[in-house]
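Spelled out, the chains give:
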Amino acid sequence: MNTVNAPLVIIGAGHAGGRAALTLRSEGYSGRLILIGDEAHAPYERPPLSKGLLQGTTDLAGCSLCDSTRLGELDIEHWTAGPVLSLAPAQHGLQLADGSWLAYGRLLLATGGRARRLPNVPEHMANVLYLRTHDEALTLRNGLRPGSRLVVVGGGFIGLEVAATARSLGCSVTLLEAGPRLAGRVLPERLSGVLLDLHRARGVDVRLNVAIEAVLGGERAEAVQLVDGQCLPCDLLVVGVGMQPNVELARTAGLDVGQGIRVDGQLQSSAADIFAAGDVCEFRLHPGGEFQRQETWRNAEHQGHHAALNLLGAGLPFNSIPGFWSDHYDWGLQTTGQISSAEPSASRATADGGFVLFYLDAGQRLLGACGWGMGNSIARDIKLCERLIACGTPLQVPALMDAGVSLKQLLRN
Amino acid sequence: MSEQWIDVCCVDDIDEEDVMRFDHGQHTYAVYRSADSEFFATAGLCTHESIHLADGLVMDHVIECPKHNGRFDYRSGKALGAPVCVNLKTYPVRVEAGRLYLGVPT
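Same order as they appear, the protein sequences are chains A and B. The first sequence lines up with residues 61 to 473 when you count with our numbering. The second sequence lines up with residues 119 to 224 when you count with our numbering.
Hints are computed from structural coordinates only; laboratory data are not their basis. Be aware that a few hints might be false.
Per label pair, the in silico range of CB-to-CB distance [as the list claims (entries may be wrong)]: (1) A:209 <-> B:177: 41 to 49 Å; (2) A:268 <-> B:146: 34 to 42 Å; (3) B:177 <-> A:150: 46 to 54 Å; (4) B:207 <-> A:290: 50 to 58 Å.
Note that CB positions come from ideal geometry on N, CA and C, so glycine has one too.
Next up, chain A with everything else stripped away, as it sits in the complex (with noise of 0.2 Å):
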């Protein structure tokens, strides 16, 4: 079997599988290059999906990694046809919708996720909706009318950049979350709580520890029945509980899968000549740490970026410090490394009302932070911490819990 000229093949077309075809062309493989995806769109950021394309600020172009129009100029060739149905690692090929084989030399799996289903919300129903792709952002804007009663299942980083999006548009809004506090398992308890003052200072009708019972109607949910016996009209009910990685293929292939495609340090899976990248992936930041999936921005710009490295054998281990942001109204959250829903090792105010929170090891290194803050105001602090994280030198307490002790010169110290 000759995979010397077979192609390199890119399952997965969102953001971790465009940015892995566009740095295979940046860094010079002029080979064939296939990136198959299952949205008619060519790679796209998805942030935007629950912020400006939502509120309609922005649109497709201005969340595209690149247009078709340059897809072909760099002779990446993108499939929508149809899914893969089957992978096998042993011949190196792939199965595709038509029947056809497609031999490849090296495969990434950039296959992402879909938005988990609750078992008591019917499918069928034409006004509940899922936020993942571009599409759906498009339906649900189009049902985000001033006075239109909405209620959003999951108080998670996607329920509640809906709700927030949803009362700048002037709809109603009730948040349901089934946990004590608003994204509870990413988030320190400070955090959750200015999300929730934030949110219900904006009207939101935010209800915690609570359970659903059943969405009431026909062809149209009409209600929300709680299992406390309470029961809300909608106009639209949007469900944002996460996200289920698409490790479906790998898995039936025979490579290793656990919360998603595990991969070892450089991002290659269990099977040789394939790699995962993005949502999707399950990996460790540190050898012997433990596994973990980010899905998140930078990690689909960093894991898409690097497995292009190693696709080409670069043989790079993969360290990138995580982190995300979320927004809110006119505020907005940051965090870098490995922060926990547990209490921080620090705090420190800032000059907005924000704050900064600290993640310190045993021997006061810094491990991670998030922070609080207007607009995009505490993205200097946290590109600070992430710095810090990366020194590795020992924090004093007191330097990181004042705010005249300035990150940066922590750093320059």
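Since chain A is already given, all that's left is putting chain B on it; use the hints.
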């Protein structure tokens, strides 16, 4: 092409190794003071997704976008790698009697 010189601020309004947003007419700019107190100016919005760069971090001669970590050399406007690929426009500045002036095309 001729320039119009606009009074931006007192030079000490910008810290060393820092950036400030400056709006004039329909345009927004980012003005920089380097660690050795040289001044520079670029377009105010990142070429990637139009985010205000003035919320970003200045380290050495690099401005990093507050959202997507796109980096530019603010002296030349050069984009330093993905996700940014389009350079920033730069504008001339001059200092007179302790005030910073920005040269914008007329």
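Q | Supplied distance hint 50 to 58 Å, evaluated on CB atoms of residue 207 of chain B and residue 290 of chain A | A | holds (55 Å)
Q | Status of the given 46 to 54 Å range, CB of residue 150 of chain A versus CB of residue 177 of chain B | A | Since residue 177 of chain B and residue 150 of chain A have Cβ atoms about 48 Å apart, the given range 46 to 54 Å holds.
Q. Honestly, do residue 209 of chain A and residue 177 of chain B meet the 41 to 49 Å range at C-beta?
A. Check passed, 48 Å falls within 41 to 49 Å.
Q. Do residue 268 of chain A and residue 146 of chain B keep their Cβ atoms within the hinted range of 34 to 42 Å?
A. Holds, at about 40 Å.
In the structure shown, no violation is registered for any of the earlier numbered hints.
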